[in-house]
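Chemist: Chains as they are written, first to last, in this note's numbering: chain A, 5 to 140; chain B, 5 to 140; chain C, 5 to 140; chain D, 5 to 140.
Rather than coming from a laboratory, the hints here were simulated on the basis of the structure.
Quick reminder that beta carbons are idealized off the backbone N, C-alpha and C, glycines included.
A couple of the hints might just be wrong.
Quick list of simulated restraints, FRET-style, between CB atoms [claimed, not checked]:
no.: 1; chain 1: B; residue 1: G129; chain 2: D; residue 2: L46; range: 41 to 51 Å
no.: 2; chain 1: C; residue 1: A67; chain 2: D; residue 2: L46; range: 23 to 33 Å
no.: 3; chain 1: C; residue 1: Q79; chain 2: B; residue 2: E111; range: 22 to 32 Å
no.: 4; chain 1: B; residue 1: E111; chain 2: C; residue 2: T55; range: 30 to 40 Å
The following residues of chain A were derived to be distant from chain B, with all beta-carbon distances above 12 Å [unchecked claim]:
no.: 5; residue: L46
no.: 6; residue: G47
no.: 7; residue: N77
Listing some non-contacts, in silico: residues in chain B with all C-beta distances to chain D over 10 Å [what the hints assert, rightly or not]:
no.: 8; residue: V11
no.: 9; residue: R12
no.: 10; residue: E41
no.: 11; residue: A52
no.: 12; residue: R75
no.: 13; residue: Q79
no.: 14; residue: A92
no.: 15; residue: L101
no.: 16; residue: R102
no.: 17; residue: E104
no.: 18; residue: A109
no.: 19; residue: P119
no.: 20; residue: F122
no.: 21; residue: V125
no.: 22; residue: G136
Here are the chains, one letter per residue:
Number of protein chains: 4
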Amino acid sequence: MERPFSVRIRVYYRDTDAGGIVFHANYLAFMEQARTEFLGALGFDVAALATRDAVMFIVHRAAVEFLRPARLNEQLDVTAEVARVGRARVVFRQRVLRGEECLVAGEIQLACVDPASFKPVPVPGAVRARLGMADD
Amino acid sequence: MERPFSVRIRVYYRDTDAGGIVFHANYLAFMEQARTEFLGALGFDVAALATRDAVMFIVHRAAVEFLRPARLNEQLDVTAEVARVGRARVVFRQRVLRGEECLVAGEIQLACVDPASFKPVPVPGAVRARLGMADD
Amino acid sequence: MERPFSVRIRVYYRDTDAGGIVFHANYLAFMEQARTEFLGALGFDVAALATRDAVMFIVHRAAVEFLRPARLNEQLDVTAEVARVGRARVVFRQRVLRGEECLVAGEIQLACVDPASFKPVPVPGAVRARLGMADD
Amino acid sequence: MERPFSVRIRVYYRDTDAGGIVFHANYLAFMEQARTEFLGALGFDVAALATRDAVMFIVHRAAVEFLRPARLNEQLDVTAEVARVGRARVVFRQRVLRGEECLVAGEIQLACVDPASFKPVPVPGAVRARLGMADD
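Throw the hints in and build the complete structure from the sequences for me.
Modeler: Written out as structure tokens, the structure reads:
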């Protein structure tokens, strides 16, 4: 089986909290980082999409399980896989791994919106083609 | 019907992102803020629980819907209601409101753990009693 | 002596780091929060200034001393006083206090810029008048 | 002239604010990231220093100039150079660069403290030796 796209990150003080572990909300930021790099690897720049193509992906729904805590200075891999592509949304399946151990797993549903009105707009054809997935 | 506990917050620059709206992960931080104040209103100090009672609540699962974006300088109400109390976990139902409008809704499941080992421990009796809920 | 404008905040998990204390950069966010409330108390809404008046205050220089650490769940007062107003800049003197104890002290120089070009623009007359200070 | 140590980072949504640029306090987090990697490259793990050697570096003073804004998805280089080493403190000179352009420049003074008491302790000899600088 093909390994999913992933980015390697390190846990810095900014990511942690007084519990000595990564603050839970920051795993969602890690996942956003992985999605941005995933889109970048496919040739899409999230900043250009917003300013030039008037398309922004915003998180519409997140279901996340925090299984084990990550700690300061650990190296983590954050995966990003497309689970489904709809007309105006994309669902990612993502994990935060420490070696082979899964620390966090989530399904993140993005809505494709106009950056000015926040109204749903279709996923651009070029993006859809590269995501290479069927409509739902 | 009784209104749930809530805290009023304002959206500052630190909470927003280049999309011009609150960065999605920060709603989870707002919810944590509401839970902390909720526990405080019941007489529990999260710092003292951790250092004195060796009990920490960490987020184990979050299911969140982001319905409408909040913007810079808006005032929001963030609610915190206990949905269920288990032996070693507490489930909160939470919403982020702008007036009567619901912007974000989530169910946040907390695990009660030992702050040193992160192993599950029972919710302290005093906390359970004040949460005033049946076991699940 | 008149007490400076201040806001009361609480330290939440999101503000802390694995050192068990507030992450140093977050004091700058606290100070931004106090400046926003200070401007709000004078009748200025930072969001409306940006979108309606095409004026944004951005931090141009910060000199901050971190004297003592703040911890989880502590209540802090964050002050905001105008030290100087220039043609296109405003300098604030700010402190983070725990009771009478000063934890952090800083001088924050803001540049008044056009939100689109980030070029300096004059501080609007109405803002200047309310800040009630001489030019430098 | 030797180029200083630097790390390459990308600007993600989490780093930006509603002004469309990196939130100023986050440059301090970027600088912390560069210092952590700098220490790591010298063979020191900030987490092990804290837990095993009971030594933590905390920011005691920061003087930062924000010259030009960085935007979403830009790649930046964040430098870290030791300016001075004292008995219980280390001063870093740091810059955030976009190509050759300096966006942010700062001097960050760290205090070496005991992680439990936050009292000053001497910079460990091994660290001092690797920082390779004279006492001040």
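Chemist: All the hints need checking, so say for each whether the structure fits it.
Modeler: For each hint, the structure was consulted:
| no. | hint | verdict |
| --- | --- | --- |
| 1 | B:G129 with D:L46: 41 to 51 Å | holds, 49 Å |
| 2 | C:A67 with D:L46: 23 to 33 Å | holds, 28 Å |
| 3 | C:Q79 with B:E111: 22 to 32 Å | holds, 29 Å |
| 4 | B:E111 with C:T55: 30 to 40 Å | holds, 34 Å |
| 5 | L46 | holds, 20 Å |
| 6 | G47 | holds, 20 Å |
| 7 | N77 | holds, 17 Å |
| 8 | V11 | holds, 22 Å |
| 9 | R12 | holds, 20 Å |
| 10 | E41 | holds, 24 Å |
| 11 | A52 | holds, 17 Å |
| 12 | R75 | violated, 7 Å |
| 13 | Q79 | holds, 16 Å |
| 14 | A92 | holds, 26 Å |
| 15 | L101 | holds, 20 Å |
| 16 | R102 | holds, 16 Å |
| 17 | E104 | holds, 24 Å |
| 18 | A109 | holds, 22 Å |
| 19 | P119 | holds, 14 Å |
| 20 | F122 | holds, 15 Å |
| 21 | V125 | holds, 22 Å |
| 22 | G136 | holds, 37 Å |
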